[in-house]
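Produce the complete structure using the sequences and hints provided.
Residue numbers (the UniProt record's numbering), protein chains in the order written: chain P, 1 to 167; chain H, 1 to 788.
Since the hints were made in silico from the structure, they are not lab data.
Since we're looking at a predicted model, the values are computed, not measured.
Each hint should be verified, as a subset may be incorrect.
[As the list claims (entries may be wrong)] Covered by chain P, per the in silico footprint, the following chain H stretches (three or more residues, Cβ under 8 Å):
1) 8-14
2) 181-195
3) 496-508
4) 616-626
5) 700-707
[What the hints assert, rightly or not] Examples of chain H residues toward chain P, derived with CB under 8 Å:
6) A19
7) L650
8) L669
Where is the CB? At the ideal position from N, CA and C, for every residue including glycine.
So the chains spell out like this:
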Amino acid sequence: MKVLVNTIVNGAPVQEAVTPRSSLADFLRDDLGLTGTHLGCEMGACGACLVLLDGAPVHACLVLAVQAEGGRIETIEGLTETGAVADLQESFHDRNALQCGYCTSGMLMSAQALLARNAAPSRDEIRDALSGNYCRCTGYEAIVDAIAATGRARAVTAAPANTEAAE
Amino acid sequence: MTLHIGQPQRRENARRHLAGRGRFVSDLALPRMLHAVFVRSPMAKGRILGIDIEAASLCPGVVRIFTAADLNPRCQPWVGTLDHFAGMQSPPMNILAEESVLWTGHPVAMILARSRAEAEDAADRVLVDIEDAEPVTGGVPVLQPGAARANDAADSNLCYEALLQTPDVDRAFAGAAHVVEAGFTFGRHTAVTLEPRAVVADYDPSSGALTVHQGTQTPYQFQDVYARHFGLPEGKVRVIAPDVGGSFGMKLHVYNEEMGAVAASLILGRPVRYVADRLESFVSDIHARDHDVYGRMAVAADGTILAMEIDDLTRIGAVSAYPRTSAAEGNQVIRLMGAPYRMADYRGKLSVAFQNKVQTSQYRAVGHPIACAVTEALVERAAEATGCDSFEIRARNLIADDAYPHVSATGYQFEKLSHQACLARLRGMMDPGALRAEQAALRARGIYRGFGIASFVEITNPGATFYGVGGARISAQDGAVVRMLPSGDIHCAISVTEQGQGTETIIAQVVADQLGVVPERVSVTTGDTATTPSGGATWACRGAGIGGETALRAGRQLRDRILTLAGALVQTDPATLRLAGGAVVDAATGAPRIALEEIGRIATYRPDTLPDGIDHSLTVAHHFAPGGYPFDFTNGIQGSLVEVDVETGLVTLLKHWVVEDCGRIINPLLVDEQIRGGVVQGLGPAFFEECQYDADGQLTNGSLADYLVPMAVEMPDIKIAHIETPTQDTILGAKGVGEAGTAAAGAAAMNAVNDALRPFGACLTQTPMTPLRILDALDAARQERTAP
Ligand code: FES
Ligand code: FES
Numbered sequence: 001m002k003v004l005v006n007t008i009v010n011g012a013p014v015q016e017a018v019t020p021r022s023s024l025a026d027f028l029r030d031d032l033g034l035t036g037t038h039l040g041c042e043m044g045a046c047g048a049c050l051v052l053l054d055g056a057p058v059h060a061c062l063v064l065a066v067q068a069e070g071g072r073i074e075t076i077e078g079l080t081e082t083g084a085v086a087d088l089q090e091s092f093h094d095r096n097a098l099q100c101g102y103c104t105s106g107m108l109m110s111a112q113a114l115l116a117r118n119a120a121p122s123r124d125e126i127r128d129a130l131s132g133n134y135c136r137c138t139g140y141e142a143i144v145d146a147i148a149a150t151g152r153a154r155a156v157t158a159a160p161a162n163t164e165a166a167e
Numbered sequence: 001m002t003l004h005i006g007q008p009q010r011r012e013n014a015r016r017h018l019a020g021r022g023r024f025v026s027d028l029a030l031p032r033m034l035h036a037v038f039v040r041s042p043m044a045k046g047r048i049l050g051i052d053i054e055a056a057s058l059c060p061g062v063v064r065i066f067t068a069a070d071l072n073p074r075c076q077p078w079v080g081t082l083d084h085f086a087g088m089q090s091p092p093m094n095i096l097a098e099e100s101v102l103w104t105g106h107p108v109a110m111i112l113a114r115s116r117a118e119a120e121d122a123a124d125r126v127l128v129d130i131e132d133a134e135p136v137t138g139g140v141p142v143l144q145p146g147a148a149r150a151n152d153a154a155d156s157n158l159c160y161e162a163l164l165q166t167p168d169v170d171r172a173f174a175g176a177a178h179v180v181e182a183g184f185t186f187g188r189h190t191a192v193t194l195e196p197r198a199v200v201a202d203y204d205p206s207s208g209a210l211t212v213h214q215g216t217q218t219p220y221q222f223q224d225v226y227a228r229h230f231g232l233p234e235g236k237v238r239v240i241a242p243d244v245g246g247s248f249g250m251k252l253h254v255y256n257e258e259m260g261a262v263a264a265s266l267i268l269g270r271p272v273r274y275v276a277d278r279l280e281s282f283v284s285d286i287h288a289r290d291h292d293v294y295g296r297m298a299v300a301a302d303g304t305i306l307a308m309e310i311d312d313l314t315r316i317g318a319v320s321a322y323p324r325t326s327a328a329e330g331n332q333v334i335r336l337m338g339a340p341y342r343m344a345d346y347r348g349k350l351s352v353a354f355q356n357k358v359q360t361s362q363y364r365a366v367g368h369p370i371a372c373a374v375t376e377a378l379v380e381r382a383a384e385a386t387g388c389d390s391f392e393i394r395a396r397n398l399i400a401d402d403a404y405p406h407v408s409a410t411g412y413q414f415e416k417l418s419h420q421a422c423l424a425r426l427r428g429m430m431d432p433g434a435l436r437a438e439q440a441a442l443r444a445r446g447i448y449r450g451f452g453i454a455s456f457v458e459i460t461n462p463g464a465t466f467y468g469v470g471g472a473r474i475s476a477q478d479g480a481v482v483r484m485l486p487s488g489d490i491h492c493a494i495s496v497t498e499q500g501q502g503t504e505t506i507i508a509q510v511v512a513d514q515l516g517v518v519p520e521r522v523s524v525t526t527g528d529t530a531t532t533p534s535g536g537a538t539w540a541c542r543g544a545g546i547g548g549e550t551a552l553r554a555g556r557q558l559r560d561r562i563l564t565l566a567g568a569l570v571q572t573d574p575a576t577l578r579l580a581g582g583a584v585v586d587a588a589t590g591a592p593r594i595a596l597e598e599i600g601r602i603a604t605y606r607p608d609t610l611p612d613g614i615d616h617s618l619t620v621a622h623h624f625a626p627g628g629y630p631f632d633f634t635n636g637i638q639g640s641l642v643e644v645d646v647e648t649g650l651v652t653l654l655k656h657w658v659v660e661d662c663g664r665i666i667n668p669l670l671v672d673e674q675i676r677g678g679v680v681q682g683l684g685p686a687f688f689e690e691c692q693y694d695a696d697g698q699l700t701n702g703s704l705a706d707y708l709v710p711m712a713v714e715m716p717d718i719k720i721a722h723i724e725t726p727t728q729d730t731i732l733g734a735k736g737v738g739e740a741g742t743a744a745a746g747a748a749a750m751n752a753v754n755d756a757l758r759p760f761g762a763c764l765t766q767t768p769m770t771p772l773r774i775l776d777a778l779d780a781a782r783q784e785r786t787a788p
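As structure tokens, then:
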């Protein structure tokens, strides 16, 4: 028996019949073909499945698809299309902050959420914010560097333009 | 020639991953695809009395349920031995357990259903009746005559034993001023790739073609395995390894489940998907290590290391892994002991024992972390016995940089290494004087810091002596097809594979430099037996050294072909021409003569305008097998700075240093991240990672909530420096680097922890060094001090 779920996925309304026990991750991956959201543990430990639900990162493996009813979901595919994380992606690329790429979507979600609440995090704060994201390949340092660099760059862009006038 | 080789070129294929456009096997869905789930043995050893599948087969969505009787006959059993491991035994293995179950997690039935969820529901309804038997889960006693056997099909629990010795080893010990010794235990751990093992087997009965999409490092090896074990013509078997979410050696072994997916697809004529869930990964992916080592070192009064003696007992699974065996790690442990040092004499004894646990086999840095930790811990004890400091004792004993070629006491041949230069560089980076002063000042305040260092060698670029001589059908050579497209762009199809190391990027850099183009004009294809030439692929740090050399030589052949054609077109001696900037140029002046796209256009669309008889084919194929030394060893040294909380046993990793010599560096950006990732995979098992079993052979922490892997917050920043000693065996001069970080990180960390604990006389010799073990060591030391 399937139930109807209404959500907004990456900006577009989606109405889909799902089995009540389907996780949000299975719904996104299997029903919508959004395979950029990955599954590493299916128990909320690894962070590979993080997506934004109403702006906040959630583990798509722990949330049921039916719980997303009426919600606004953003996956890596959507954030890429809108350009919302373009600078983070560029920083990760510059710094080679990914190898196999399996953790990367989840890392970008955590990074985006961190920078939203703390524009200039210290290295320790970044490491702390990644405490729910496993990466088996990189050793984390490049990821920390990439997030720190993005934070710095965003701070510069966001800085008031009156510095010029003062000169 | 080296415009792009040596540059920190970014990885083109990383863009797809950043955009969520990776293509992993676990993402793949094919028409009519079935999902496989395995029913597994809940006990470590026992006899199957019956399997009742009736209720399960009535479950919704179930298409077929296999037990051994209907599935195994489709597959030739496999045996994990190699001829050059004399006397080795391992009973045959097949997909599903026949009479006996041999470890907790051993597959006994396979369910195929329309969805994974339906297959799982049905699995719950399968009734398996197993008569429990006492499992073999212990250590030394299992090798005593008459001990209960882990696998009744073997004649004892001894899978393999080896002895390696120099004639004068006993004399060296007898004459030594000091003999230091200790026993070590290295826990069992596992790869935990973030993407679990994944396979989609797709047999098409109408054409007789089997296509297997598999997350693996070694597609050719599996093409051969599937052809032979399922009786298919090799040409009808295609293995595709698209993006792979981590492998680290774990995904190149033959597993019951992948063989099961292929067998089921052959029988049903439909695609069969098996993706391990994380709990299954823990009880089916190979585990690594699990060694008890007793080590002794003979030292002269002046600190000269004279000899080592090693006894290594390693406990594998109930069979040896296939096709690389479970004995290769122990074999490397006893051969890598003492490798950085001049030490003349040696005795190494290895015993490989069966037990009822998940099979062990090759995982990143096979054997290195164990050999390195034992050697370097004994070197520290030798330093203490002779009043040297950590740097001084190594300076006295490391093979001198001008003393090559050198043959180690265990028989390894070293072409040229740079231990002394690495040691000097590390000393400069770490500033041990300042660290000692800081340590003393902090100790006065009850803060216990310590640092430790560890020299290492790493085996890379293995030739055929590694597996080929033992009869294993594992290729030591690689192949590349390089071609120029009509546009002048270049394509390279190569047998080495990519799991995120940057293989495709470095191949593009190497090829670009041979053909005078930018790497952006070189596209690279890997990971498909139908579209790339056959080769060994990526393991044992051979991608850059062997793959890179293959690409270089193929690129040069294409270069010569292009220059010949250009010579005819511009009516000039080809010897006066070269390739640069996307064109054929005058070799002396660099003046452009003809663009590559013009040559491509003429050779493709107007070959009629070329001189008669000229070869206008702009495709070359080349295969390269390493010659010269059997391996290209690399070397380096690592340093670790830690702080131990002696109240809680918690260790804070403050800093880590690596000086590494991997020969010619093709891409420093990628090399450094290989080292960092490797270091963290060495620190993980040193402090956190351990597959814990109870006496019944049950894995008690087999989930990602219970099994600890290193997290960002626990890991230190890692400072890296390089010495470059290119190998002369190849034109490129590159050696491997992927395992160097893992090889010595744990050894340096163990020495650092013990340095921190020195004021208490406590000493750790077991990994992982958990808070509990640290507190136990402190307790033991306290009791020893207060004992009468
Ligand atoms: S898959 Fe959701 S946290 Fe691991
Ligand atoms: S890049 Fe592979 S897990 Fe992070």
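So, against the hints stated earlier in the document, which numbers end up violated here?
Violated hints (numbers, rising): 4, 7; every other hint is consistent with the structure.
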